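Colleague: Mind docking these for me? Both chains are given alone in their own frames, and the hints should help you get the complex.
Spelled out, the chains give:
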Amino acid sequence: MMVHAEEQSLETVDTGVLVQKAARMKADGWRLVQISCLAKDAYEITYTFDKDYACAHVRVRLPLDAPELPSITGEYFAAFTYENELHDLFGITVKGLALDFGGKFYKLSVPTPFAPKPQQPAK
Amino acid sequence: MATRTVVPFGPQHPVLPEPIHLDLVLEDEKVVQAIPSIGFIHRGLEKLVEKKDFLEMTYVAERICGICSFIHGQAYCQAVETVMKIDVPERALYLRTIWGEMSRIHSHLLWLGLFADGFGFESLFMHSWRVREKLLDIIEETTGGRVIFGTAKVGGVRRDIENLTLKRIEGELKTIEKMSREMTDVFKNDASVKRRTVGIGVLSKEDAIALGAVGPTLRGSGVAQDMRKLGYAAYPNISWEPVVETGCDCYARCMVRCREVHESFSMIYQAIAKIPDGPVDVKVTGAPSGEYFARVEQPRGEVIYYVKGNGSKNLERFRVRTPTFANVPPLVKMLGGCELADVPVIVLSIDPCISCTER
Chain A
0 MMVHAEEQSL
10 ETVDTGVLVQ
20 KAARMKADGW
30 RLVQISCLAK
40 DAYEITYTFD
50 KDYACAHVRV
60 RLPLDAPELP
70 SITGEYFAAF
80 TYENELHDLF
90 GITVKGLALD
100 FGGKFYKLSV
110 PTPFAPKPQQ
120 PAK
Chain B
0 MATRTVVPFG
10 PQHPVLPEPI
20 HLDLVLEDEK
30 VVQAIPSIGF
40 IHRGLEKLVE
50 KKDFLEMTYV
60 AERICGICSF
70 IHGQAYCQAV
80 ETVMKIDVPE
90 RALYLRTIWG
100 EMSRIHSHLL
110 WLGLFADGFG
120 FESLFMHSWR
130 VREKLLDIIE
140 ETTGGRVIFG
150 TAKVGGVRRD
160 IENLTLKRIE
170 GELKTIEKMS
180 REMTDVFKND
190 ASVKRRTVGI
200 GVLSKEDAIA
210 LGAVGPTLRG
220 SGVAQDMRKL
230 GYAAYPNISW
240 EPVVETGCDC
250 YARCMVRCRE
260 VHESFSMIYQ
270 AIAKIPDGPV
280 DVKVTGAPSG
290 EYFARVEQPR
300 GEVIYYVKGN
310 GSKNLERFRV
320 RTPTFANVPP
330 LVKMLGGCEL
340 ADVPVIVLSI
350 DPCISCTER
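Listed in order, the protein sequences are those of chains A and B. Residue numbering for the first sequence follows numbering that gives the first Met the number 0, beginning at 0 and increasing consecutively. Residue numbering for the second sequence follows numbering that gives the first Met the number 0, beginning at 0 and increasing consecutively.
Bound-form chain B, shown alone (with noise of 0.2 angstroms):
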């Protein structure tokens, strides 16, 4: 048997923007078992229920994350209103598609640029991250924040986008999605990108189911899984399907995102076609009582909001699962039988989001 080495990956490492650790056991250049470790600056957001009422919450929930911030909004916003059974309008459902999509496309554009950056090509992520400058620029234009939207409310949404904007807008994401295919195109076609991420960390579809996988990482584990199915939001008046891959490596994840980013242009465009004219919220009176697990698909894969209230303001619990904390273990099992040097590529395909874990 080789000599067994121990090499610390994490919690500081060029490939990771936030903390998380694992413990590689190596024999020569092989991991033969990677123990994670996370919790290095967990905040325990869950416990602020206790000061702050329920409609407070909603801008905790926004600032879970910088990236997916207004689908945790969106989340949170949906357990809150199905306790209270709150309708919400229908024009406010389809301006939370539009920018849950928005918000979709901003982060598997920085992702691919960050995965990019991960092998090495730095034109590439540069040119990713040039592409999704563009659609903040819109996101600030139709909600005033780059990356913490702000619009989610219980009851619907803080801003409208007026019809005329809706159409301009159109135009644009065109021009951005016309830029993002030529860019997704040296994904999936670069001999370099290939050489380092086909037959690299394979999770299959048996494991990830039963390790628990979620989003991207699911998906490209060919398990056509997506809880936008579920039918929340304007979804079930959009055609679209789940983007699946078989491939089970870091290019089938990298593949699901890039074909995400397309599909999530569709549905903008769709939503824009399709929006109602009305009102983007109703009044709310009275508070939560009763309890709701509420499921949303994020970038990275499904977002569990769990509410209770006793009918009071504020919530008895407030429990977030985020997608990076369920593909730990997946993660885990993919770094098992791995080179080395491919261990930051592979970490970096589930799309670790460690402010999220850390709610």
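Only chain A is shown next, with the shape it has when bound in the complex (with noise of 0.2 angstroms):
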């Protein structure tokens, strides 16, 4: 017997235009389930969402260097722990957050473990 795999929707949008997607998926009724962050050769930030339990997930790119996103508290509020979290961990600016706690979320001993090592110089 198959174990059972729900279908799940992905796309990826542009950071530009992360905010509209979120407040159209708002004003369609759809909750916000989480997001999370992969760090490989690029940020990749994925937003989930439920509607009847539908599974829709948007996903955004952002370079290694300087990665800044806004933030979409402005449509979904609990997104503030998550932004909170992708900023603690991964080192990511969240631009607009309306429950920034400026650094301070997790109480860390090593800042941003979850962000790519640099690479070290060849000897």
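To be clear, the hints were calculated from the coordinates, so they are not data collected in a lab.
To give an idea of the interface, some chain A residues facing chain B are shown, with a C-beta separation under 8 angstroms as derived from the structure:
hint, residue
1, Ala4
2, Thr80
3, Leu107
Since the structure is predicted, the reported quantities are computational estimates derived from the model, not experimental observations. Ideal placement from N, C-alpha and C gives every residue a C-beta, glycine not left out.
Modeller: Here it is in structure tokens:
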């Protein structure tokens, strides 16, 4: 018997239209489920939404150097937890956060522990 | 305008077994704003994928929480199994359902006790935990552990439960169910419980959706959403409906959990009656390549497990969004306008699990 795999859509958008996209999702009745980040050759930030068990992901990509993202807390206030997390763990600057902890959301012994480490020059 | 005072609540507080902090802005005794603060014990477990391979990560997932341990492991396994297109034997899916529902009952009984303790009903607290102990004995017998089950495994489960044992356990569960019904009747009918919970910590249906509430916090505000309806494990073969209350207050959230305890017993009986014979796991070869967001219903609500693999033994990314993390913004909303004396009860009403949140 196959493990259940739900249908999930994935749309990649430009950072410039992210807030508009979030506003449309909100107006259509979608619930913000989570925001996650993957740091590899670029920052890949995935916003997940749910409506009547349908699951939709919206993804944006940011460069590794000086990553900056507009906040969607104007549309989804609950995003403040995820966006502060993006800042504290990955070092992403989030502009326009409705509740900005200024880097104190997590009490970390290492700054931005999830950000890619700079390559060490070969000796 | 009354003078405003900021009262710190937590991270150490008698009702908080784990650290969360709230700055409560008060006008006299009324809370006008609550600013949450977490991250006191952030463990960075997601980072462990760099050191542990995707099979070992099951143990890490099970240890994210000491209460809903099994369902964490199950959700992780489901995410990896979906990426790797693994056919899990049907008996394993039923066993996951049985252990998952036992996990839900023991979590809710634990919470009911803590909730009673939160408003000073000590004998009810002790009674809840006395009933829970009997269930923990069954969990220990079938898994070897009392809270960390250790039975989740990519490709199935690590242990089987003999059919004869399942039948005997069903009898014992019926005794525990009878005891739990007597106890939940007190939560439902007792005047002192109602006095501390009815109309307290109101979260409207609209706010619950807008603020991303999950689990009993969402269903207590009249939204019939439960991720078990997505159809994983053996849930499609079991007759059940999401438990919904429309009171939107602490009492409604308590009633959702009381009724979910009863429904979980019913689910276990149905699973025991329908469980097929057969193997409980399959051999897993290769490594995950691809990505998937698994959504599973924990006692506290929807948990998200994101895995991304590149074909190597170590995942590229392992991400967990726990239910309490999602319920922090709704908690902030509930606290606005409440009396200072009600803050502990309202905080407890979301069943906060900071261990999960600080994964």
